[in-house]
Amino acid sequence: MLRRLRYWMNHARRGEALREEMELHLAERAAELEAAGMAPERARAEARRRFGNAQLKHEESREIWMTRFWSELSQDLRYGFRAMVANKGFSALAVLLLALGIGANTAIFSFMDSILLRSLPVADPERLVVLDWRSRPPQNASGQWNHVIHGLQGVLWPGDKGNLESGMFPYPAFETLRENNPVFSTLFGYFNGMKHNLSVHLGEGGGGQATSASTEYVTGDYFRGLEVMPAAGRLIDSEDDRRGAPAVAVISFAASQSRFGTPANAIGRSILVDNVPFTVIGVAPPEFFGIDPAAAPDLYLPLHANVLIDGARAAAMYPNGNFYWMEMMGRLRPGVTMAEAQAALAPRFGRWVAGTATTAGERANLPALALNPGSAGLGSLRRRYSKPLYVLLTMVALILTIACANIANLLLARAAARRREMAVRISLGAGRFRVVRQLLTESLMLASLGGACGILFAVWSMRWLTVLLSNGQENFTLHAELNWTVLGVTAGLSVLCGLLFGLAPAMQSTRPDVLPALQNGRWGGPRRRAQQVLVVAQIAISFLILVAAGLFVRTLDNLHSVQLGYAREDILLFSLNARQAGHRAPEISTFYMDLRRRLESIPGVSSASFSQSSIINAGHAGGAYRGAIKVGATTVLGASVMDAGPRFLTTMRIPILAGREIDEHDLPGSTPVAVISERMARTYFRNQNPVGQRITLVDDNRDLQIVGVSGNLRFGGLKGEEKSPITVFTAASQFPPDRVTYALRTAGDPLSFVKSAQEVVREADQGLPVMNVITQAAEIDRTISQEVTFAKLCTGFALLALLIACVGLYGTMSYNVTRQSGEIGVRMALGAQRGAVVWMVLRRVLALGAMGLAISVPAALIGTRLVRSFLFGTRPNDPATLAVAALILLSAAVAAGYGPARRASRIDPLAALRQD
Amino acid sequence: MGRKAQKNDSLPGSLDMLILRTLSLRALHGYGIVQHIQQTSGDELLVEEGSLYPALQRLELNGWIEGEWGVTSNHRRARIYRITAAGRRQLAVETQKYARLTLAIARVMGAE
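Chains H and W, in that order, are what the protein sequence lines are.
Every letter in the first sequence is one number past the one before it in our numbering, and letter 489, counting from 1, is 489.
Quick note, our numbering runs 1000 ahead of the 1-based positions in the second sequence.
Wrong hints could be hidden among the right ones.
Covered by chain H, per the in silico footprint, the following chain W stretches (three or more residues, Cβ under 8 Å) [claimed, not checked]:
#1 1024 to 1035
#2 1054 to 1068
#3 1075 to 1089
Using C-beta positions, here's what the derived DEER-type ranges look like [what the hints assert, rightly or not]:
#4 H:Ala92 <-> W:Arg1082: 48 to 58 Å
#5 H:Arg82 <-> W:Gly1063: 25 to 35 Å
#6 H:Gly822 <-> W:Ala1027: 55 to 65 Å
#7 W:Arg1082 <-> H:Pro858: 54 to 64 Å
#8 H:Gly488 <-> W:Gly1063: 32 to 42 Å
#9 H:Glu16 <-> W:Ala1027: 46 to 56 Å
If you're looking for bench data, these hints aren't it; they were derived computationally from the structure.
Ideal Cβ placement from N, Cα and C applies to all residues, glycine included.
Generate coordinates for the entire structure from the input sequences, incorporating the hints supplied.
Shown next, in the form of structure tokens:
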């Protein structure tokens, strides 16, 4: 085989050599004829005549190598096919196992590909660089904020060594870095404008049906820097991005289709963004989704357009060097590396940021510029999903390993049956390589078939995973797909599996010690050991997956049993942002109050209310008060404050322990009121009635009178550390938020009230889009979607792994029983009881199981630490989980071993002895 | 599924066997092999000379002979073939087969 391979590789040179040999032959023959007295011309002709058709012979020679290769291959394939058909049960099982294993790997990998590996659909994405900064945490040891960042709009995320990282910068930093930049051909900025109210402008003062559109504000160089070409019209340029420029917008390809039918149709049209008119000048190309794979903006506006929409608040952000709010990306000049750019820009940023520090404390902890590769866009999705995906990938890789081990095991057993066949072949002169190749061809055929079925399975499971991961999220942008990278990995994986499970059995069954096999056809030794090693490995891996599944199920269980303190069922939630539809204080609070009354009058709605956000999302939604609260002379830190409408406690079924809840009589003009939680009442008003007392929201300078005490409730996410945090409800009418979430308490399925609720909102204001329609239960589950996904997937994985391992165990034990039937027969003839025989087999099963556990318990103790951050209410090495997993595993093993054990006990001693 | 050499039974008293026999005496280049066969057969066996080369490829592929670049007696570059151990075994097998075959033919023809 190697020789042939060599020939294959230099067959061109080989052909040349052959030609030279033939030339030499003709020349020598001609020379000899000439020497015998023939004329030179005739001698050459005669030589050629005797030689025959040289070209034909040349081709014939080459074909000998080629055709042999192909004929052997087709021989192997035919033979492999026959072998597969002859063992239908085995083949079907192997293909099924592989399809599940390879399919699961393909599905997970396609997600990794779309999240972690894929580049932005722009020109030369590898030359894009994201600008971030890192610094030590802004709070000093006593918890006081001491940092040049005085305000932030955007996200911070934890970096390594306790650092804080972010991609947010003040506008003056952008200007400083942009000026005479030696390393970037363009430096551009942007910030996520979140949702805005978008409608098509229909004429003076009116818009069409409004919808909520995600918006990206971009600097003039954004599209030029990304080197994106418009699908229609033109894109935003530097002229558009300055104060006082005409209000223009670029819309996404999808938005142009849904609003205007075609991209060309959108150009020049007027749209209303939060009631401010903009002219559509261009449409982004269809594949373009901005620079954050987690968000696909419908609308791109010039950076300075935020002044038109947000007014003075936005205008104040531009000159402020201590307010961090915009992000930056640069395109490297040709030949400049990221490290060089970092070296060039970090000092410049350092000097600038030092100038914004006002105190010694601020100067001691300045942010430092850090460049990151930007080819795949911003990292929010990567930060969120990469770890879960790596965990899942490990799991499916383990499953595939078990599947391969199992098939190898089955092949080993089958190789026993074919050992004689192989021995005969080898003794008849077949090369060992030839036989191994034949066996490997069979394995690879199985693997390819498994891979092909795996792709089908992957397509199905990707769809399912998308549903699972998105979990009802609006405009979920993560779309995994089968592309050539993914298919290539799948093909490679299939071949690898084929080699993996095929090679060992092939080598085993063609071992050179042919004679013993020919003589008796039976042997134990190495093959049996190999089989046992494979079974132990399967058991060990299954245990790992079982433990993981156990931990995730317990986590989910713990999350589900968290005491909420408020109703989970029969509540419909949806959000509105009346400010974006043009409502302003004080009218906005009347509007919200009025709408609440109308919603409450829907038949079947027993009560309706609204608050700043849903309770489960409290603290994540913007605008919540986070400052200190004063109770008399005592300062309360870390309390949660939520603006709520009338009858909120009733709607949410939060018990009122004293006084009253916020109601219709709490109006903008009346005394500002608050309802505090039981915990706060007990902690700060130990021996007195809190009702009638006053508290102060220090930062907002709001004096509130306590009118009631509510039961404790779980505020914010389920994983919050505080079981019963200190909460304060304030009257939304007195301090109206821009955006509110309505809650409707319904009789029966909340979703059946969606239509009537939307109708009521449209009657109130048809320019006000209804957002995030969801039931309270689903809203809560959405916050634990990752845990739900993990628990579901891992339980599935664990069952699969257990099943595969049991099949392996069953196969091994069955084989052993058959092999030992003689010995068992002797034992029974000598008076061994059936029970003793069963026990003899089961003892071996338990020994294998124990061996598997001995390996995997330490592995589990170490491995589960890696998933610590995914757990809630349980420790990584939770002894109960480990014990239950071990118990399940051993029971499954005994169940798998019982069949063969029973068969062993039914062996007829006479028949068994005669057989030998 | 043994090593079934291809088309080596096109001639009874096959060319392959003759080549192996020739090379078992000494290493030779292609032309030398033809010369040797013709001379030792007393010019009775007239091989189509070109057929030698596919046969050589076949034998080399089967690992029975090995070719190496060398120099002929009249100082020209040529591939010199020598027989391998496997080749000698094969020669023994073929010789035996041939002996049986000729014996059988001889019996049929009534020579014995």
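- prompt: Honestly, which of those hints from before does the structure not fit?
  reply: 9
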